[in-house]
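Protein chains: 2
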Amino acid sequence: MKNKSITSRDEDFAKWYTDVVQAAHLASYSNVKGCIVMEPNGYALWENMQKVLDGMFKKSGHQNICMPLLIPENLMRKEGDLINGFAPEVAWVTKGGDKELEERMCIRPTSETLFSDYYSTLVKSYRDLPVKYNQWCNVLRWEKETRPFLRGREFLWQEGHTIHETSEEAEQETRGMLEIYRKFFEEYLAIPVITGRKTEKEKFAGAEYTLTVEALMYNGVSLQSGTSHYFGQKFSKAYDIKFLDRNNNWQYAYQTSWGVSTRMIGGLIMVHSDDNGLVLPPKIAPKPVIIIPIKESDTVNNYIDQVASQLEEKGIIYSVDRSEKSAGFKFAEAEVNGIPVRIEVGDRDLEKGVVTLVRRDTREKIEVAKDENIAEVVLKLLDQMQKEMYNRALDRRNSLTFEAHSFEEVENIINTHPGFVKAMWCGDEACEVKMKEIKGTKARCILEDAEPIDDNCVVCGRPAKHLVVWDIQY
Amino acid sequence: MKNKSITSRDEDFAKWYTDVVQAAHLASYSNVKGCIVMEPNGYALWENMQKVLDGMFKKSGHQNICMPLLIPENLMRKEGDLINGFAPEVAWVTKGGDKELEERMCIRPTSETLFSDYYSTLVKSYRDLPVKYNQWCNVLRWEKETRPFLRGREFLWQEGHTIHETSEEAEQETRGMLEIYRKFFEEYLAIPVITGRKTEKEKFAGAEYTLTVEALMYNGVSLQSGTSHYFGQKFSKAYDIKFLDRNNNWQYAYQTSWGVSTRMIGGLIMVHSDDNGLVLPPKIAPKPVIIIPIKESDTVNNYIDQVASQLEEKGIIYSVDRSEKSAGFKFAEAEVNGIPVRIEVGDRDLEKGVVTLVRRDTREKIEVAKDENIAEVVLKLLDQMQKEMYNRALDRRNSLTFEAHSFEEVENIINTHPGFVKAMWCGDEACEVKMKEIKGTKARCILEDAEPIDDNCVVCGRPAKHLVVWDIQY
Numbered sequence: 084m085k086n087k088s089i090t091s092r093d094e095d096f097a098k099w100y101t102d103v104v105q106a107a108h109l110a111s112y113s114n115v116k117g118c119i120v121m122e123p124n125g126y127a128l129w130e131n132m133q134k135v136l137d138g139m140f141k142k143s144g145h146q147n148i149c150m151p152l153l154i155p156e157n158l159m160r161k162e163g164d165l166i167n168g169f170a171p172e173v174a175w176v177t178k179g180g181d182k183e184l185e186e187r188m189c190i191r192p193t194s195e196t197l198f199s200d201y202y203s204t205l206v207k208s209y210r211d212l213p214v215k216y217n218q219w220c221n222v223l224r225w226e227k228e229t230r231p232f233l234r235g236r237e238f239l240w241q242e243g244h245t246i247h248e249t250s251e252e253a254e255q256e257t258r259g260m261l262e263i264y265r266k267f268f269e270e271y272l273a274i275p276v277i278t279g280r281k282t283e284k285e286k287f288a289g290a291e292y293t294l295t296v297e298a299l300m301y302n303g304v305s306l307q308s309g310t311s312h313y314f315g316q317k318f319s320k321a322y323d324i325k326f327l328d329r330n331n332n333w334q335y336a337y338q339t340s341w342g343v344s345t346r347m348i349g350g351l352i353m354v355h356s357d358d359n360g361l362v363l364p365p366k367i368a369p370k371p372v373i374i375i376p377i378k379e380s381d382t383v384n385n386y387i388d389q390v391a392s393q394l395e396e397k398g399i400i401y402s403v404d405r406s407e408k409s410a411g412f413k414f415a416e417a418e419v420n421g422i423p424v425r426i427e428v429g430d431r432d433l434e435k436g437v438v439t440l441v442r443r444d445t446r447e448k449i450e451v452a453k454d455e456n457i458a459e460v461v462l463k464l465l466d467q468m469q470k471e472m473y474n475r476a477l478d479r480r481n482s483l484t485f486e487a488h489s490f491e492e493v494e495n496i497i498n499t500h501p502g503f504v505k506a507m508w509c510g511d512e513a514c515e516v517k518m519k520e521i522k523g524t525k526a527r528c529i530l531e532d533a534e535p536i537d538d539n540c541v542v543c544g545r546p547a548k549h550l551v552v553w554d555i556q557y
Numbered sequence: 084m085k086n087k088s089i090t091s092r093d094e095d096f097a098k099w100y101t102d103v104v105q106a107a108h109l110a111s112y113s114n115v116k117g118c119i120v121m122e123p124n125g126y127a128l129w130e131n132m133q134k135v136l137d138g139m140f141k142k143s144g145h146q147n148i149c150m151p152l153l154i155p156e157n158l159m160r161k162e163g164d165l166i167n168g169f170a171p172e173v174a175w176v177t178k179g180g181d182k183e184l185e186e187r188m189c190i191r192p193t194s195e196t197l198f199s200d201y202y203s204t205l206v207k208s209y210r211d212l213p214v215k216y217n218q219w220c221n222v223l224r225w226e227k228e229t230r231p232f233l234r235g236r237e238f239l240w241q242e243g244h245t246i247h248e249t250s251e252e253a254e255q256e257t258r259g260m261l262e263i264y265r266k267f268f269e270e271y272l273a274i275p276v277i278t279g280r281k282t283e284k285e286k287f288a289g290a291e292y293t294l295t296v297e298a299l300m301y302n303g304v305s306l307q308s309g310t311s312h313y314f315g316q317k318f319s320k321a322y323d324i325k326f327l328d329r330n331n332n333w334q335y336a337y338q339t340s341w342g343v344s345t346r347m348i349g350g351l352i353m354v355h356s357d358d359n360g361l362v363l364p365p366k367i368a369p370k371p372v373i374i375i376p377i378k379e380s381d382t383v384n385n386y387i388d389q390v391a392s393q394l395e396e397k398g399i400i401y402s403v404d405r406s407e408k409s410a411g412f413k414f415a416e417a418e419v420n421g422i423p424v425r426i427e428v429g430d431r432d433l434e435k436g437v438v439t440l441v442r443r444d445t446r447e448k449i450e451v452a453k454d455e456n457i458a459e460v461v462l463k464l465l466d467q468m469q470k471e472m473y474n475r476a477l478d479r480r481n482s483l484t485f486e487a488h489s490f491e492e493v494e495n496i497i498n499t500h501p502g503f504v505k506a507m508w509c510g511d512e513a514c515e516v517k518m519k520e521i522k523g524t525k526a527r528c529i530l531e532d533a534e535p536i537d538d539n540c541v542v543c544g545r546p547a548k549h550l551v552v553w554d555i556q557y
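Just so you know, the protein sequences line up as chains X and L, in that order.
Quick note on the numbering used here: the first sequence kicks off at 84 and runs consecutively.
Quick note on the numbering used here: the second sequence kicks off at 84 and runs consecutively.
It is worth saying that the hints were derived from the structure and are not from the lab.
Don't take each hint at face value.
[Claimed, not checked] In silico lysine to aspartate or glutamate, EDC-like type, Cα no more than 20 Å apart, as pairs:
hint	chain 1	residue 1	chain 2	residue 2
1	L	K116	X	E185
2	L	K207	L	E248
3	X	K142	L	E130
4	L	K408	X	D211
5	X	K182	L	E226
6	L	K182	X	E183
[As the list claims (entries may be wrong)] Chain X is nowhere near these chain L residues, computed Cβ spacing over 12 Å in every case:
hint	residue
7	L197
8	R224
9	I277
10	Q334
11	V403
12	E407
13	T499
[Said to hold, decoys possible] A partial selection of chain L residues facing chain X, derived with a Cβ cut-off under 10 Å:
hint	residue
14	I148
15	P155
16	L158
17	D181
18	L483
19	A487
20	F490
Backbone N, C-alpha and C define an ideal beta-carbon position, used for all residues, glycine too.
Construct the entire structure; sequences and hints are all you get.
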């Protein structure tokens, strides 16, 4: 019964992943190196993610704007850390039409520079603060190795950029947006996440500190899934974002930025999907329900009409597959595309007085009396699936979360099966670098306000400062 | 009472336009030459336009996808007319990080090439057709002279690209999408449009023919506002989009593309706005209603709460301006931002048993008994405003639409006051070029199936083939 176009997840996880991406029509490779075509199913997922997140952003007082795609080199260079961090991976436009440009421009890898430049002209007084803007756009980073949704030269994301009167307010914003991301991952994507602070080595180029949302994939590898940065006055000094404060003195504004991207689609796949294709949490599925007639007849069609009007009444998005393909083919297609609930309607079932619902996540078949209100049954089922998918992901993560008390223990765990490894760290970059020797293990994040599990750093044995979660990553 | 930051429309239309753009916070100039920052009010308008159009596209069977931003030169050059048309105005990426690229890439000026390349791998049989995809994205054209929303190096748009089994189907799509644009302009933007075919000289590079939606601005200048192209098999031959037809023979697909852009925001401004700022048709206004307390008091606040709950019940989006600015200042701000209906709530009015509604379009003040259901009054008013704005725009257009029977007549009309000038044409490009001598007058479109108004071409006097609408343009 396994989908033949999909490699087994346990056999070759990387191959399984790209098989699912293609079989579920989420994306296909393009003739533009390192770039994908997001196909209808993939883009519809992104549209749904956008809709939910955009609502959350607007509710918390943010507005959308749109900045230019290109950044003149001179503007990009105003803040040293940022350009140093991004210079190796930006694409440069050097010609417009037939003319060499006087100043080359890069395609935005991120837009701190443009927002800062704009904010410097926008703000004059503390009365103009805070400014809380966001944009949905494409960005480009000249990556060498790419993988659909996880790492690509071009990707879609949102980048929020805010400026505030005080550091307290800006720090509150940094944490508030992290909280929105956490909520979105847990409540909509059914992905449990850990949150914490990036180390100095892993933080965003130019940030005072970076907070992160980290998720664990089915195979135990980590995915950095969203970040929220506190900049202090670093950019506002470089770009001259000044305002007159309440005492009529000039002050530099305090700044944040935060973003999530189409990478979340990769996370969704790698947490929930299986050997039969995509599995989607109902709350983010573009089409939660499909009705498939096993064989069309008047009885079947009448019953489908009845169910359809029940679904419409409850506002449940559904489709009916009346194409000429065989029922078996349609079932497989609905399955590979990750449609959460499939309603199979056949004459034999109806004669017995039942209709069959199939859950995509567990592939369980549920017989329901045909005279029940099917929409109500479906609503309850979708709700239950959403919760159970989260709980299964949480169980999986818990079973792949470890504590280590020595470097050897970290080594053993990662070499046996990767996962979140909690271990103490002295705060010294040398120890972080040493950790990379274990298959590239990195600090995912520092767990803030966590109880220490040891006194000493697992690498150097000196007194430890932080409890850190370590793992290999995408 | 005139807004001081806005030049008078009749005095200097061009200056008035950019004043409105800035005063209404639609866009501001950026430090990236030829590119703007779309500010919250401008972007919210675009979001609303997207929402309505996207709904129309989906309802007519289109799906969204996302193509790469960059096009390798070799791929771009496969169809000769397209590259010749766009070569002078594309931006070239020649470096990725520190490395010179082996093949330079251009930033998409439009994506026929990428869609065609993708479709060539997607389609194998007539059963796979039609494919009706659209994308919302940014594009770049290296324009020399730019004007916010009307012409910019970068703009946002949607580009639909479809392939079909037969020419009939593809031509039907080309016309169907033009009809959707017409409907959107008339019903939502309250802008009457003429539709027709572009001349060979003015059609899209690479198209068999181009259909267009043309609108007349307040000052009598034309704005090409949306286009729909029929490609026949031109791209499908260049990019090898082949399928097995019903007789098991290889066939090339028939193709279309169609697009509208943020340019529509420029059209909205230039058709409806006035010396006091932006005027928006209610159906496209991000926030159709604002409630302004003249001076806050318990009575005023209670009444506002009552109106607010009535508005919410009817699903009308509104805001309450409780900021510390003076009432006069708030009125002016609501006006410049083009909020269709302003509800002024004051103690004196309430004592008299009334509340004042102000229409933005006519600036008319309407006293309503305070005990009426204000939301119902507002709904009716918004509906009436929408219709009246369309009718006013139509009257204006009619008063600026002329018939000319000789070259001199065309010259006289355009030199006195530009507008749509209907005149016969022989079909010869030389006559079209001659027409340009009149301040750059161009053929807006050929009116298909129109009654001829003369036998001969107004330029050369030879037998005429088409009734054409001529005008100067943005």
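A quick look at each hint next to the structure:
1. K116/L / E185/X: This hinted pair holds, its Cα atoms lying about 12 Å apart.
2. K207/L / E248/L: 11 Å, holds
3. K142/X / E130/L: 16 Å, holds
4. K408/L / D211/X: 13 Å, holds
5. K182/X / E226/L: This hinted pair holds, its Cα atoms lying about 12 Å apart.
6. K182/L / E183/X: 18 Å, holds
7. L197: The claim breaks: L197/L does not keep its Cβ more than 12 Å from every Cβ of chain X (closest is about 7 Å).
8. R224: 9 Å, violated
9. I277: I277/L clear of chain X: closest Cβ-Cβ about 30 Å, beyond 12 Å.
10. Q334: 21 Å, holds
11. V403: 15 Å, holds
12. E407: 9 Å, violated
13. T499: Holds, since 37 Å exceeds 12 Å.
14. I148: Cβ of I148/L sits 5 Å from chain X, so the hint holds.
15. P155: Status holds, d = 6 Å.
16. L158: Since chain X brings a Cβ to about 6 Å from L158/L, closer than 10 Å, the hint holds.
17. D181: 7 Å, holds
18. L483: Where the cut-off is 10 Å and the nearest Cβ of chain X is about 33 Å from L483/L, the hint is violated.
19. A487: 36 Å, violated
20. F490: With Cβ-Cβ at 34 Å, over 10 Å, it is violated.
Checked against the numbered hints given earlier, the structure breaks hints 7, 8, 12, 18, 19, 20 and satisfies all the rest.
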